[in-house]
Amino acid sequence: MKKIPQGVYYAIFTVFFFVLIVVSYNHPRTRKKPDSVMELFSDFSWLNDWPRWLDVPFMHWINTNWKIFINEYGLIFDAIGYGLLRGYTELKEVAVQAPWPVVIAAVILITYFTSGRKLGTTVFVGFCTFFIGFLNPRFWDKAIETTTMVVLGIFICVVIGIPIGIAMARNEKVRNAILPILDLMQVIPAFCYLIPGIILFGLGAIPAIISIFIYACPPLIRLTDLGIRLVDKEVIEAAESFGASRRQKLWGVQMPLALPNIMQGINQCTMMALAMVVIASMIGTRGLGDEVLLGLQQLNVGAAIEAGLAIVLLAIVLDRMTQAYGEKIQQRNQPVKKIKKSD
Amino acid sequence: MIKKMQKILMAIAFSFLSFLSFSATTTTANAACSVHIGDFDWDSANIHTAIGSFILEHGYGCDVEVTKGSTNPILAALIDNQIDVIFEHWTDNNVALIDPELESGNLVFLGVNTPASEQAFFVDRATSEAHGITSVDDLKRPGIKDLFTDPENPSKGRLTSCISGWTCYTINLVKLKEYGLDEMYTNFDPGSGGALDAAIMGASTKGQPIVTYYWTPTSLMGKPEVDLVRLTEPAYDKDCWDAMMVVVEDIKANGPDVYTPSCACEYKDMSLTKLASGKFAADNADIIDFVEAYTIPTAEVNDMLAYYVDESGGDMEATAMHYLENSSNWESWVSSDVAAKVKKAL
Chain F
212 MKKIPQGVYY AIFTVFFFVL IVVSYNHPRT RKKPDSVMEL FSDFSWLNDW PRWLDVPFMH
272 WINTNWKIFI NEYGLIFDAI GYGLLRGYTE LKEVAVQAPW PVVIAAVILI TYFTSGRKLG
332 TTVFVGFCTF FIGFLNPRFW DKAIETTTMV VLGIFICVVI GIPIGIAMAR NEKVRNAILP
392 ILDLMQVIPA FCYLIPGIIL FGLGAIPAII SIFIYACPPL IRLTDLGIRL VDKEVIEAAE
452 SFGASRRQKL WGVQMPLALP NIMQGINQCT MMALAMVVIA SMIGTRGLGD EVLLGLQQLN
512 VGAAIEAGLA IVLLAIVLDR MTQAYGEKIQ QRNQPVKKIK KSD
Chain Z
4 MIKKMQKILM AIAFSFLSFL SFSATTTTAN AACSVHIGDF DWDSANIHTA IGSFILEHGY
64 GCDVEVTKGS TNPILAALID NQIDVIFEHW TDNNVALIDP ELESGNLVFL GVNTPASEQA
124 FFVDRATSEA HGITSVDDLK RPGIKDLFTD PENPSKGRLT SCISGWTCYT INLVKLKEYG
184 LDEMYTNFDP GSGGALDAAI MGASTKGQPI VTYYWTPTSL MGKPEVDLVR LTEPAYDKDC
244 WDAMMVVVED IKANGPDVYT PSCACEYKDM SLTKLASGKF AADNADIIDF VEAYTIPTAE
304 VNDMLAYYVD ESGGDMEATA MHYLENSSNW ESWVSSDVAA KVKKAL
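Note that the protein sequences, when read in sequence, are chains F and Z. Note that this note's numbering has the first sequence beginning at 212, numbered continuously upward. Note that this note's numbering has the second sequence beginning at 4, numbered continuously upward.
If you are wondering where the hints come from, they were derived from the structure by calculation, not from laboratory data. If you're wondering where the values come from, they're calculated on a predicted model, not measured in any experiment. Mixed in with the good hints, there may be bad ones.
Said to hold, decoys possible - Quick list of in silico lysine-lysine cross-link-like pairs, DSBU-like style, CA-CA up to 35 Å:
| id | chain 1 | residue 1 | chain 2 | residue 2 |
| --- | --- | --- | --- | --- |
| 1 | Z | Lys71 | Z | Lys143 |
| 2 | Z | Lys226 | F | Lys278 |
| 3 | F | Lys278 | Z | Lys71 |
| 4 | Z | Lys143 | Z | Lys346 |
| 5 | F | Lys303 | Z | Lys209 |
| 6 | F | Lys244 | Z | Lys346 |
| 7 | F | Lys244 | Z | Lys143 |
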């Protein structure tokens, strides 16, 4: 394939830039225009302060298209929202209905087995879980609501994020196309999509789960991509020399070796999801973030910090559970060290 | 060792110098006067703050600093004298907090900024006309609550309420109980002012039914898509209101379990007022005279808010300048030479 010379790109950008200036100058919304274009070249006072007419009407373009978008595609979002909502309410109901000792026991059991029967971690996690309700009985149900949202958010992240990560690792072009999108998702301020999310999905848990996906998915995608590409070349060559197909190579060699990285990604995803659920209390999402917000709005520092502590505890529980599982896999992947340990 | 000592001495001397130069610059900047204005997270307050700070900055030559926040933090800062002036205060919502401060002279009351405002429950016009919902009692009729089903709690309707932590949230909670609506509707906290606006806007553009708490003057009410009908409630009665507020304050302090039946009535259409810290008022009589004279009719405020949203491109200062250019009302608030200075700056 012939490479396009760099100069062509520059030329395209320059032309685009000038077209944008002309379009915004001629836009009817542009204010305080001089009487004629020629005035710009005789009177140079517009160079002092940024002139009002030098203003791309992005806002109007976005607003007009946004309205059309809602009218045309609003139903699709309603359907997505309805599906998610069903999942959320069912899951939440089960967890809220369950007696609290059962929930704590379940957390302890899960931690015990995912961490590879580490007693210290298990006791610590069980203790933290107990302390969430112990801090304030009101927090227990709220913590469950928060966790449900986080879990659902992570589930969507994993289902969508990991395949994208794999595709990125296997194809340079996909990578180059997706990376800027990930940058955008990570950098754009949360309120830019939280508030439009309300218009599409209504107040409550659904825009929060969608926001979790936007905010927490990029690290998972990045770490999946990185994990697969970091697998030793020699190992892959060995697999190839045994005649492994691309599919066998991926599922038999690359994925298992990338699993610690992917688990790290899921761990990061969890932490960021929790952070987002707290911010999402600003758009009417129930849960522990709600308590922090309420405490701050009533200037009740004690209540806000108490709720903040509960979030930290919840973060520790979720972190230890995912982290411990990652460590277990990592150990399994390094048989040499394991033999040494058992000596 | 000596070199190290030298370095430390140099560092100390340098930090001293920079400190001196810093304090020198701050004193010169303070030459005329400095005003710290408290602003809130809704747009009618923003607009008064923008107009006020423009006049103070260009007419009086003051250093104006604006801090924006939620009601309680800003009021706390005002009481603490960290903030000097606020241009819009919803008096009736914060009586318990503000009254003692006014009595002790820590705060000074500076009159009305907008003569009339509404706070009430609203239903979108299409639903109101189709089902004949005109009062809060109509919400109790069978089948009505299903129009507004709360997706997270399908057995109830969702009444999109005030933001929890604002007093109006607790007031709405008590009202729902008094009106016998709390079994049928959730008092749904939208989390923030922006989220409440977006919820109303979303329902209006999609043509979905909504019953919500809201207030005027606001730019949202001036939008073409949004058409809300105010629901009638029992008429305002001071004794009834005071009895309700006792319960409200109790719930705010001790949680919703302490609810006792009392009474409920509509929000009083109230005047929005201005406040200043007593210390600032004592030292800046001319500025206080201006703030006290400051008042704009509700219709003009609505016009400005519409201009702000649809014409100015979301530029509060441009909106303030638009008002100052097109109205001459404001010239009566200030002396003629201040007015001249403001006009020059436009």
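Problem - Hinted pair Lys143 of chain Z and Lys346 of chain Z, Cα distance within 35 Å - result: Outside the cut-off at roughly 55 Å; violated.
Practice task
Decide if the proposed pair is consistent with the structure: Lys71 of chain Z and Lys143 of chain Z, CA atoms, cutoff 35 Å inclusive.
Solution key: Given pair Lys71 of chain Z, Lys143 of chain Z is violated - Cα atoms ~39 Å apart, limit 35 Å.
Practice task
Mind checking the alpha carbons of Lys226 of chain Z and Lys278 of chain F for me, to see if they're no more than 35 Å apart?
Solution key: This hinted pair holds, its Cα atoms lying about 13 Å apart.
Handout entry: Given pair status - Lys346 of chain Z, Lys244 of chain F, alpha carbons within 35 Å
Key = Holds. Lys244 of chain F to Lys346 of chain Z sits at ~21 Å (cutoff 35 Å).
Problem - Distance restraint between Lys303 of chain F and Lys209 of chain Z, which requires alpha-carbon spacing of 35 Å or less - result: It holds: about 28 Å lies between the C-alpha atoms, which stays within 35 Å.
Practice task
Quickly compare the C-alpha distance for Lys278 of chain F and Lys71 of chain Z to 35 Å and report which way the hint goes.
Solution key: Holds, at about 30 Å.
Handout entry: Lys244 of chain F paired with Lys143 of chain Z [C-alpha distance capped at 35 Å]
Key = Status violated; Cα separation ~56 Å.
Figure legend: structure checked against the earlier numbered hints; hints not met, in rising order: 1, 4 and 7.
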